[in-house]
Amino acid sequence: MSTTAKVSGVDAECLQSTERKCRFMPIFGWLPRYNRTKAISDLIAGITLGLTMIPQSIAYAALAGLTAQLQGLLGLQYKSANIVDNLYKLCANIGNTRLPDLALGICSILFLLLFRSLKDINCPCTGDKRNPSKNVLMKKVLWYFSIGRNAIIVFITTTIAYQLETTTGSAPFRLSGKIESGLPTISLPPFSAQVGNRTYTFLDMCSHYGSGIVILPLISVLANVAIAKAFAKGANVNATQEMLTLGLCNIIGSFVSSMPTAGAFTRSAVSSASGIQTSMAGLYSGTMTLLALSFLTPYFYYIPRATLAAVLITAVIFMIDLRIIKLLWKGCKTDAVAVAGTFLICIFVNVEIGLLLGIVYNLVFFIRPSARPTIQVVHRKTDLGIRYIMLELDTYLSYPAMTFFINKVMNLARNEEDDVPLIVNCERFVNIDYTTMKGIEMLSITLNRKQDRFWLLHLKSNIVNCINVLVDNKYIRLIGNEENITNVLHNNTLSSRQFENSINIRSKKVEEVKNSNQENFSNPHLQPKDSEVIAEEMIVMLSGESKLQ
1 MSTTAKVSGV DAECLQSTER KCRFMPIFGW LPRYNRTKAI SDLIAGITLG
51 LTMIPQSIAY AALAGLTAQL QGLLGLQYKS ANIVDNLYKL CANIGNTRLP
101 DLALGICSIL FLLLFRSLKD INCPCTGDKR NPSKNVLMKK VLWYFSIGRN
151 AIIVFITTTI AYQLETTTGS APFRLSGKIE SGLPTISLPP FSAQVGNRTY
201 TFLDMCSHYG SGIVILPLIS VLANVAIAKA FAKGANVNAT QEMLTLGLCN
251 IIGSFVSSMP TAGAFTRSAV SSASGIQTSM AGLYSGTMTL LALSFLTPYF
301 YYIPRATLAA VLITAVIFMI DLRIIKLLWK GCKTDAVAVA GTFLICIFVN
351 VEIGLLLGIV YNLVFFIRPS ARPTIQVVHR KTDLGIRYIM LELDTYLSYP
401 AMTFFINKVM NLARNEEDDV PLIVNCERFV NIDYTTMKGI EMLSITLNRK
451 QDRFWLLHLK SNIVNCINVL VDNKYIRLIG NEENITNVLH NNTLSSRQFE
501 NSINIRSKKV EEVKNSNQEN FSNPHLQPKD SEVIAEEMIV MLSGESKLQ
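1 is the number of the first residue of the sequence shown in full-length UniProt numbering; add one for each residue after it.
The hints are simulated quantities; they were obtained by calculation from the structure and are not laboratory data. Backbone N, C-alpha and C fix where the C-beta goes; we use that ideal spot for every residue, glycine too. Be aware that one or more of the hints could be misleading.
[Said to hold, decoys possible] Cut-off 20 Å, straight-line C-alpha distance, at most; resulting in silico cross-link-like pairs (SDA-like, lysine to any residue):
#  : residue 1 : residue 2
1  : K178      : L290
2  : K79       : N350
3  : K474      : Y434
4  : K438      : R477
5  : K229      : G275
6  : K460      : N431
7  : K450      : M410
8  : K139      : S41
9  : K79       : C107
10 : K333      : G354
11 : K38       : M25
[Unchecked claim] Label-pair distances were calculated between CB atoms; the ranges are:
#  : residue 1 : residue 2 : range
12 : V316      : N96       : 18 to 28 Å
13 : L412      : I320      : 46 to 56 Å
14 : L222      : L344      : 13 to 23 Å
15 : C107      : L244      : 40 to 50 Å
16 : I359      : Y144      : 32 to 42 Å
17 : I219      : G286      : 16 to 26 Å
18 : V430      : R368      : 18 to 28 Å
19 : I320      : I353      : 11 to 21 Å
20 : T201      : D120      : 48 to 58 Å
21 : M410      : L222      : 39 to 49 Å
22 : I251      : T446      : 51 to 61 Å
23 : D472      : E416      : 17 to 27 Å
Hey, can you work out the whole structure from these sequences and the hints?
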């Protein structure tokens, strides 16, 4: 028995250790179960992803230069600050449009849209119902042509540009230009930069980034987590793992002068549709990218800019979902305003400002319920007929809501006659802050100084301990559970009535003594002994009255 217990204990420790490793390094989870079938699936998915990723990466690298894609599509060259400035300069330079670039760009867009629809063809071209395997093969071939459309159009247009450049000496299209060949040099990221005659220090560079230094990592993390949840297929998503992976990728990328990286919905969708099994597919696609960078870089010079603009336009245009605004307006107007407002500000003002305002807008609506909790006022009676008011909160109390809560309770206390008790149901109170405790203390002192009117129901023991330590609990009244409400309020009512009766009796006696005193002083036949007795009785009555007060 002891040996079995020891073995089971060791197995449990090994299992926990493996789970901890898999939580931060998933390779320990899937690598021991990796087989030939998964390797073939990952190889196909990696090659497919590489064919998609290489032309898109070239296009996005051009996009990083902050050049609008319309001018590349039309063969124009100018710099713009925002979309308004871009449209203005586009109209001003529309007469300088290069027709070969425009024709190539339009043809590239039509080609990409046509090949994009190949994967949606339900009926194979053969129409042979007797040979289902042939139909499946045809469907798969069409799907691969659809997925590899970016690589196909880049290859075709680059070949055309290369032939024209070598035969005629000049291509009629604007080309990407010379790209440094070979793998990038591994070195420490620069902490200073020389631009013209000015040297920018690390702090100057951070200041130049502005809010982007915070917005960019935030958006990258949100995008990665959203992509992971979208393609998790029911599995748990570890956001910490996504953040660690993203951070490591960008740290390592900084040593090869890489741009900030993050996941992409389009490439993730391609990987999922390609039948990816594990992360090993990234090794294959990364190898393809490195091979292209090593051997194909000289040919990147001949890639037309109009083709890259077409690749970006067709990739991004389908990410804009205008239908969601209409649906949100019907179902949740708050989110519809957030989406539309953020989109318009990002387009016409600045991406960083738009994202910041969108985040602040949502934070306001996220914090507002904690500052204005819903308080349900329920009038009830005990079994003995004692009236009381139950205050039900939809959430716990926090310091933003304390002023609102105090005003609500005080208004109820002023508007209710006969000093009806107010009971706050604290069942949802997990924890409360110091400001909330001081607010409860103030309400208790105000309402319970003369008579117990303000009660706390279902208050947890940890909160009670904090109240006992941090605030004055002299006037704070607690009720353990709802079954005790009747007894507590009944005893409180009896004690209040006895208190009022004793005050009335003593006040009446004092009044009688005062009247008798006036009569005796006006009586000339008053004896000294009688006046002394009266004085002693008055002293006793007055001392009793002062104790009550």
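Quick check: does the Cβ-Cβ distance between D472 and E416 fall within 17 to 27 Å? holds (25 Å)
Look at the Cβ atoms of L222 and L344 and judge whether their distance stays inside 13 to 23 Å. holds (20 Å)
Range hint 51 to 61 Å (beta carbons of I251 and T446) holds or violated: holds (57 Å)
Distance restraint between K229 and G275, which requires alpha-carbon spacing of 20 Å or less: The given pair, whose Cα atoms are some 17 Å apart, holds under the 20 Å limit.
Given a hint of 46 to 56 Å, does the C-beta separation of L412 and I320 actually sit inside it? Given range 46 to 56 Å: holds, Cβ gap about 51 Å.
If I claimed the Cβ atoms of C107 and L244 lie 40 to 50 Å apart, would that claim hold in this structure? holds (44 Å)
Hint check: K474 vs Y434, CA-CA at most 20 Å. Holds or violated? holds (17 Å)
With respect to the beta-carbon atoms only, verify the hint that V430 and R368 lie 18 to 28 Å apart. holds (20 Å)
Do the alpha carbons of K438 and R477 lie within 20 Å of each other, as the hint requires? holds (14 Å)
Holds or violated: K139 to S41, with C-alpha atoms at most 20 Å apart: Cα-Cα ~17 Å, so holds.
Verdict for I359, Y144 (Cβ pair) under range 32 to 42 Å: holds (40 Å)
Hinted pair K79 and C107, Cα distance within 20 Å: Violated, because 25 Å separates the two Cα atoms, which is more than 20 Å.
Of the numbered hints given earlier, the model fails hint 9 alone.
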